[in-house]
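If you read the sequences in order, they're chains A and B. Under my numbering, think of the first position of the first sequence as 1, with each following residue one higher. Under my numbering, think of the first position of the second sequence as 1001, with each following residue one higher.
Since the hints were made in silico from the structure, they are not lab data. C-beta atoms are modelled at their ideal positions from N, C-alpha and C, and glycine is treated no differently. Just so you know, not all the hints are guaranteed correct.
Heads up, incomplete: computed chain B residues facing chain A, CB under 10 angstroms, no partners named [stated by the list, open to error]:
(1) 1056
(2) 1058
(3) 1091
(4) 1134
Footprint (simulated), chain B over chain A, 3 or more residues, beta carbon under 8 angstroms [unchecked claim]:
(5) 46-54
(6) 90-104
Each chain, letter by letter, is given below.
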Amino acid sequence: MHSLNYHKASNASEAARLLSGTEDGKFLAGGQTLIPAMKTRLAAPSDLVDVSGAADLRGITVSGREVRIGAATTHAEVAADDALRKVCPSICDMAANIGDPAVRHRGTIGGSIANNDPAADYPAAMLALGATIKTASREIAADEFFVGLFETALEDDELITSIGFTAPAAGAYAKFPNPASRYAMCGVFVARGDDGVRVGVTGASADGAFRAGDLEAALDGAFSVDALDGISVNAEEMLSDIHGDGVYRANLVSVMAKRAVAAVS
Amino acid sequence: MSTVSMTVNGKAVSADVEGRTLLVDYIREHLRLTGTHVGCDTSQCGTCVVHVDGKAVKSCTMLAAAAEGAEVTTIEGVANGDLHPMQKAFNDNHGLQCGFCTPGMIMSGIDMVNRYKAEGRQLDEAAIRHELEGNICRCTGYHNIVKSIAQAASEM
Ligand SMILES: Cc1cc2nc3c(=O)[nH]c(=O)nc-3n(C[C@H](O)[C@H](O)[C@H](O)COP(=O)(O)OP(=O)(O)OC[C@H]3O[C@@H](n4cnc5c(N)ncnc54)[C@H](O)[C@@H]3O)c2cc1C
Ligand code: FES
Ligand code: FES
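Taking the hints into account, I'd like the entire structure generated from these sequences.
Here is the structure:
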C-alpha cells in the first residue's frame, strides 16, 4: 500500500471540507473494498477521509413506511434493526447475507453503492425499492444512480449522506452466492409496491445491476411464480466468465426471481 | 507519522505509525502480540480477527488510525487466569490441527456467541456454519470447530 495521510471526519460537512483540501483523496467508510484495492494498488489515494464515525451519516430512522438509512450505517446494523425489520424485512435479510460477520461489522451501505461492484447486493435492492440516494448537494433516483461497471452518477468528491425509500407492501431478495467469494453470481430483489412490481438484478450483467422490465411486466400481470414461466433476460447481455456463461446466468435470473416471488407470495 | 492510542486487552497503548499502517501490523509489529495471524492479507481468511469495541473485525482490513480510542481485544486478552470457555472448548473437542486459523476462529466464535445471546437467538449448527463463512481452515474440515463453538455456547 502506498503511503497516505489519514483524516477522521466527525460529520458530513467536515468530511467534504477535509477532502476538498487534498491532492487526490478519497472517502473511507468501512474499508472492506477500498483497503483491499489499496493493497493491490488498484487504488492509491494521497489521503483518506474516514467517514465511518461521522455522527450525521449513521443510523436508521423509520417513520410510517418511510425509511432513511445513513450512508455510514453498517451491514450488521441494517440486518439487526428491529424498526426496519417491521416495515421492510427483505433489506435486513439481504444485509445479513453480505460477506461474513466481520465484513458486516465494518462495511457500509454508502460504501457499497458508491463502489457499485457488479456483484454487490445493495444495488439490486436500491433499484427494486425505488430508493433515492441523497448526497450533500442533491438527490439522485436509484434508476439514474447506477451507471455501469463500478460507475455511478456521483461526481468526484461527492459524499453520499443517506438513502431513502418507501417500504414496499412486500419484498424479498434471493441470492445465488459464488461459493468462494460469497458475492452474488446472481441476486434478484423483488418489491411489490403501490406503483407496481420492481425487480432489481445484480451479479448477472456485465454492466452491473439493472431492472428486469419483462419480469416486472409479467409480475404486474399476476404476482405469482407461474407468471414468470418462460420469461427471462437476454442471455447475450449477461456476463460470461469462468464462473458461468451468459445462458447460465440468464437462467439464474429467472430462478432467483421465482424464489424471491415464492418467498413473498 | 502520527501517534495512535487505543486500549488493547485492557491496557492503554500508544505508538507512532504511518497513515497506511494496518491494525494487524500495529498489533503484531508494534505491540508484539503475535497471536493474531495474517493468513491471506486479502480479507478472506479471518485469521486476523480481533474485537474492536466488542465487534469482530478483520484487522488486516482496518487502518490502525481508524482504531484510535477504541477498545481492542486480541486472542492474548480473552483468558482471565483460566482459559476462556471458547479456548477450553477447542482444546476439549480437538478443534484444531496446525492451529494457524485458531486465534481467528476463537475470536469469531466468541463474537457470534455474544451476539446470538444478546439477541436471544439460538446458535444451532447451521447458524455456526453460516457465521463461520469468513474464517477459513485448511486442516480440520470444520466439524470439530463447529462442535467446539457449540460447546462453548452452552457454557458462556
Ligand atoms: C470477504 C468479503 C466479502 C464480501 N462479500 C460481499 C457480498 O457478498 N456482497 C456485497 O454486496 N459486498 C460484499 N463485500 C463488499 C462489502 O459489502 C463492502 O463493505 C462494500 O462493498 C464497501 O463498503 P465499505 O463501507 O467497506 O466502503 P469502502 O471500502 O470504505 O469504500 C468503497 C468506495 O466507496 C467510497 N465511499 C465510501 N463511503 C462513501 C460515501 N458515503 N459517499 C461517497 N463515496 C463513498 C470510497 O471512497 C470507495 O471508493 C465483501 C467484502 C469482503 C472483504
Ligand atoms: S489475514 Fe485478514 S482476512 Fe486473512
Ligand atoms: S487448524 Fe490448520 S488452518 Fe485450521
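Going down the list of hints, with the structure as the test:
| no. | hint | verdict |
| --- | --- | --- |
| 1 | 1056 | holds (5 angstroms) |
| 2 | 1058 | holds (5 angstroms) |
| 3 | 1091 | violated (23 angstroms) |
| 4 | 1134 | holds (3 angstroms) |
| 5 | 46-54 | holds (count 3) |
| 6 | 90-104 | holds (count 5) |
In terms of the numbered hints stated before, the structure departs from hint 3 and from no other.
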